[in-house]
Amino acid sequence: MRHIISLLMVNEAGALSRVAGLFSARGYNIESLTVAPTEDLTQSRMTIVTHGSDAVIEQITKQLNKLIDVIAVMDLSEGEHIERELMLVKVRAEGNGRDELKRLTDIFRGRILDVSDHTYTIELTGARGKLDGFIEAIGHDLILETVRTGASGVGRGNRILK
Amino acid sequence: MELTGAEITIRCLQEEGVEYVFGYPGGAVLHIYDALFQQDKVKHVLVRHEQAAVHAADGYARSSDKVGVALVTSGPGLTNAVTGIATAYLDSIPLVVISGQVPTFAIGEDAFQEVDAVGITRPCVKHNYLVKDVKDIAATIKKAFYLAKSGRPGPVLVDIPKDISGQKTEFIYPESVKIRSYNPVGKGDSAQIRLAAQLLLEARRPMIYAGGGVVLSDASAQLTDLVRLLGVPCTNTLMGLGGYPANDTQYVGMLGMHGTYEANMGMQYCDVLVAIGARFDDRVIGNVEHFAQVPRKIIHIDIDPSSIAKRVKVDVPIVGDVKLVLDELLDVLRKSRQKPDATELSAWWKQIDEWRVKGGGARYKNSSEVIKPQFVIETLHKLTFGDAFITSDVGQHQMWAAQYYQFNHPRRWINSGGLGTMGFGLPAAMGVQLKHPGETVACVTGEGSIQMNIQELSTCKQYHLPIKVLSLNNRYLGMVRQWQQFFHGNRYSESYMDALPDFVKLAEAYGHVGMRIDNPADVEPAMREAFARKDDLVFMDFRTDSTENVFPMVPGGKGLSEVVLAEDL
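Quick mapping for you: the protein sequence lines, in order, are chains Y and F. When the letters of the first sequence are read in order and numbered with the working numbering, they come out as residues 1 to 162. When the letters of the second sequence are read in order and numbered with the working numbering, they come out as residues 163 to 731.
Since the hints were derived computationally from the structure, they do not count as laboratory data. Please note that a few of the clues may not be correct.
Stated by the list, open to error - Pairs of lysine to aspartate or glutamate, DMTMM-like flavour, derived with a Cα cap of 20 Å:
1) Lys340/F - Glu12/Y
2) Lys66/Y - Asp466/F
3) Lys472/F - Asp54/Y
4) Lys102/Y - Glu83/Y
5) Lys472/F - Asp114/Y
6) Lys62/Y - Asp466/F
7) Lys62/Y - Glu178/F
8) Lys475/F - Asp114/Y
9) Lys475/F - Asp433/F
10) Lys294/F - Glu271/F
11) Lys475/F - Asp54/Y
12) Lys472/F - Glu58/Y
13) Lys102/Y - Glu80/Y
14) Lys512/F - Asp433/F
15) Lys472/F - Asp443/F
16) Lys297/F - Asp325/F
17) Lys130/Y - Glu80/Y
18) Lys330/F - Glu164/F
19) Lys130/Y - Glu31/Y
20) Lys304/F - Glu12/Y
21) Lys62/Y - Glu670/F
22) Lys62/Y - Asp477/F
23) Lys459/F - Asp433/F
24) Lys66/Y - Asp351/F
25) Lys294/F - Asp114/Y
26) Lys696/F - Asp466/F
27) Lys340/F - Asp114/Y
28) Lys497/F - Asp325/F
29) Lys297/F - Glu12/Y
30) Lys501/F - Asp433/F
31) Lys66/Y - Asp443/F
32) Lys297/F - Glu178/F
These numbers come from a predicted model, not from an experiment.
Starting from the given sequences, assemble the full structure and let the hints guide the process.
Below, the structure written as structure tokens:
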């Protein structure tokens with residue numbers, strides 16, 4: 001099953017490689033991983049999307065907690081949460097297709113960030129399914145390149161990782 | 163007054179009460195060696211290979227409750243140390259390893275003797291640090307000792323670039339240490355402990371399975387009290403030997419791949435199992451699915467939550483320091499009015515005794531023609547009254563030492579259980595002997611393992627370490643040969659060693675005493691003579707039966723009850 005694991009860690013050199021190394025050493029998979037410092041610059045917040053049975057996810061959270069640099073770990077998918085991902089898509093936009101692409105972008109609440117004679121670069125934010133849906137709607141033929149950040153997540157309401 | 167980073171490093175070791183540093187100098191640690199030279203509180207032991215430095219520090223730590231310390235240079239010094247570090251990591255041994263690094267301005271330039279020490283050791287340390295500012299040295303070393311010893315112990319590496327050890331700053335050793343993201347548990351959850359007590363009181367076929375965590379937590383007394391209070395059988399893992407006294411009637415021997423029949427059958431068919439400081443590893447319970455076929459309740463006490471429910475489902479997990487948890491569990495049990503059902507318990511013991519008879523205990527067929535390796539260990543036990551510090555290497559001799567040397571006290575059995583590192587025994591014995599100068603220290607090894615760190619005979623000479631080396635020389639890499647016999651159609655691929663050295667002359671060349679023993683009748687007299695030489699290292703080259711196998715054996719991937727007893731062959 002897909003899980004979104006959120007962790008708070010000390011913003012030390014090498015902290016990211018400890019997490020990434022743990023996943024590869026123990027054979028856990030990483031679908032995506034995002035990380036950046038929080039409002040407190042001594043800390044970083046990381047969101048990892050992974051797959052595994054309940055037993056594997058339990059081990060992942062325990063092993064992450066064991067890392068000395070990790071302050072707290074939460075499996076966001078265990079409860080109510082918000083998941084967002086940012087995607088930049090550069091598409092071939094020519095002739096009549098330009099209008100159609102503009103309409104699609106509006107429907108998906110995206111924004112066109114850059115326009116050239118033959119291309120649009122579209123920014124889209126949302127849960128994974130929405131971004132996947134947009135790609136399907138445009139069709140692979142028109143896509144020149146796609147850049148996705150991977151999911152960032154946060155618990156709803158009082159679910160706070162501190 | 164300002165001190166150099168190197169002087170600060172040594173001052174930190176003094177503050178931590180470090181007696182011995184095991185190490186080997188080199189370019190990147192020259193400042194630190196210079197600081198060592200100019201003081202006499204911390205003694206340095208010059209090994210002949212960095213792997214041995216870490217093993218010696220490890221042996222020192224295992225045989226005491228202290229943190230072992232090793233000091234190595236950058237590049238090859240560090241890479242040589244990695245096997246030692248991984249050995250300590252797999253067995254949760256507290257070490258602080260200090261490595262030199264190329265100067266900060268040269269890091270990343272493929273400088274001479276540069277390796278990414280933090281990167282290379284990351285998967286086999288509890289934590290590691292690259293010190294980038296001389297002001298951080300003291301606090302980092304303080305943290306390193308704290309991390310190594312607290313919680314689940316382990317090795318911690320501190321990598322110090324040469325320019326940092328040369329720069330100066332004020333020396334302030336922190337009095338205490340606080341790491342925001344690290345809060346090891348102490349006491350266990352009281353509700354869980356009460357639940358465990360209830361399960362144990364209602365158990366019909368209870369069993370206690372105790373591992374290295376009991377030794378590391380110095381909880382042997384608590385374990386012994388618990389086993390006796392409940393009147394239940396107790397088995398120790400390879401790492402836990404001595405945690406419960408082997409000469410006690412409630413002890414059913416070591417369990418696992420080469421464990422006793424009664425211990426393994428007890429594990430398989432008990433109805434309540436208490437795992438204490440043990441981790442259900444593959445050499446202990448064999449096939450997980452097979453183990454899970456029989457229903458039983460499992461209580462698992464461990465300081466590391468990730469050890470719990472890793473390989474088997476656990477009914478009552480208790481995260482905490484083994485000693486503190488057992489103290490509380492004993493308290494609950496003693497206050498309870500309920501007592502275990504004596505009738506059920508005696509039926510269980512009847513069953514265990516039947517298994518004992520069937521398994522035959524530690525039994526082998528002795529010979530007057532050829533030296534049986536088991537006989538050597540039994541004689542060793544007899545002559546040292548089961549009271550020596552025994553280190554071992556890895557292979558058949560390790561299993562025979564574990565099976566036939568009956569350990570009654572913790573921290574006497576020093577071996578590489580998790581990583582299975584050949585070459586561990588002799589350097590580990592050096593650390594043990596330095597920690598316990600007046601005591602008998604014996605290294606049980608084989609002609610394969612001993613050659614992996616034989617250069618340390620030179621270190622033993624320099625520091626007058628009267629270790630007794632018992633090499634069970636069967637001319638084969640015995641455990642490899644045994645598996646090839648059982649599972650690879652007797653094809654002894656590269657497990658025979660031709661052109662072995664003359665170990666007697668070799669020992670003599672290093673300045674020690676060498677003995678070669680070919681006849682069973684000479685085993686005891688030779689060993690008596692060796693142990694009478696209190697001031698000498700004696701290398702005993704026992705020419706043992708080259709075809710002897712280790713039994714019982716649970717073949718890899720099989721279940722605990724699918725054990726092969728000797729007579730089945």
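Here is what the structure says about each hint:
In summary, the hint linking Lys340/F to Glu12/Y is supported, as the alpha carbons are separated by about 16 Å, within the 20 Å threshold. A hinted pair counts as satisfied when its Cα atoms are at most 20 Å apart, and Lys66/Y with Asp466/F qualifies at roughly 8 Å. The hinted pair formed by Lys472/F and Asp54/Y meets the criterion: a straight-line CA distance of about 11 Å does not exceed 20 Å. Using a Cα cut-off of 20 Å, the hinted pair Lys102/Y and Glu83/Y is violated, with the two alpha carbons roughly 25 Å apart.
At roughly 50 Å between alpha-carbon atoms, Lys472/F and Asp114/Y are farther apart than 20 Å, so this suggested pair is violated. For the hint linking Lys62/Y to Asp466/F, the alpha-carbon distance of about 9 Å falls within 20 Å, and the restraint holds. The suggested pairing of Lys62/Y with Glu178/F is violated, with an alpha-carbon distance near 31 Å, which exceeds 20 Å. Distance check on the hinted pair: Lys475/F and Asp114/Y sit about 55 Å apart at the alpha-carbon level, beyond 20 Å; violated.
Between Lys475/F and Asp433/F, the direct Cα distance comes to roughly 14 Å. Compliance with the 20 Å bound is thereby established for this hinted pair. Distance check on the hinted pair: Lys294/F and Glu271/F sit about 16 Å apart at the alpha-carbon level, within 20 Å; holds. At roughly 12 Å between alpha-carbon atoms, Lys475/F and Asp54/Y fall within 20 Å of each other, so this suggested pair holds. As the CA atoms of Lys472/F and Glu58/Y are separated by approximately 9 Å, the hinted pair is consistent with the 20 Å bound.
As the CA atoms of Lys102/Y and Glu80/Y are separated by approximately 33 Å, the hinted pair breaks the 20 Å bound. For the hint pairing Lys512/F with Asp433/F, the CA-to-CA distance comes to about 15 Å; that is within 20 Å, so the pair holds. A hinted pair counts as satisfied when its Cα atoms are at most 20 Å apart, and Lys472/F with Asp443/F qualifies at roughly 9 Å. Of the pairs offered as hints, the one joining Lys297/F and Asp325/F holds, with about 13 Å between alpha carbons and a cut-off of 20 Å not exceeded.
Using a Cα cut-off of 20 Å, the hinted pair Lys130/Y and Glu80/Y holds, with the two alpha carbons roughly 18 Å apart. Proposed proximity of Lys330/F and Glu164/F is supported: the alpha carbons are some 6 Å apart, at most 20 Å. Distance restraint check for Lys130/Y and Glu31/Y: the Cα-Cα separation of roughly 17 Å lies within the 20 Å cut-off, and the hinted pair is therefore satisfied. Taken as a hint, the Lys304/F and Glu12/Y pair is honoured in the structure, with Cα atoms around 18 Å apart against an allowance of 20 Å.
Restraint check: the Cα-Cα separation between Lys62/Y and Glu670/F comes to about 52 Å, which exceeds 20 Å; the hinted pair is violated. With a C-alpha separation of about 17 Å, the suggested pairing of Lys62/Y with Asp477/F holds against the 20 Å cut-off. Among the hinted pairs, Lys459/F with Asp433/F is consistent with the structure: their alpha-carbon atoms are about 6 Å apart, no more than 20 Å. With a CA separation close to 19 Å, the supplied pair Lys66/Y and Asp351/F stays within the 20 Å bound.
As the CA atoms of Lys294/F and Asp114/Y are separated by approximately 43 Å, the hinted pair breaks the 20 Å bound. For the hint linking Lys696/F to Asp466/F, the alpha-carbon distance of about 42 Å lies beyond 20 Å, and the restraint is violated. Our distance criterion of 20 Å between C-alpha atoms is broken by Lys340/F and Asp114/Y, whose separation comes to about 50 Å. Distance check on the hinted pair: Lys497/F and Asp325/F sit about 61 Å apart at the alpha-carbon level, beyond 20 Å; violated.
With a CA separation close to 17 Å, the supplied pair Lys297/F and Glu12/Y stays within the 20 Å bound. The straight-line distance between the Cα atoms of Lys501/F and Asp433/F is roughly 17 Å, inside the 20 Å bound, and the hint therefore holds. For the suggested pair Lys66/Y and Asp443/F, the alpha carbons sit about 19 Å apart, so the restraint of at most 20 Å is met. In summary, the hint linking Lys297/F to Glu178/F is supported, as the alpha carbons are separated by about 18 Å, within the 20 Å threshold.
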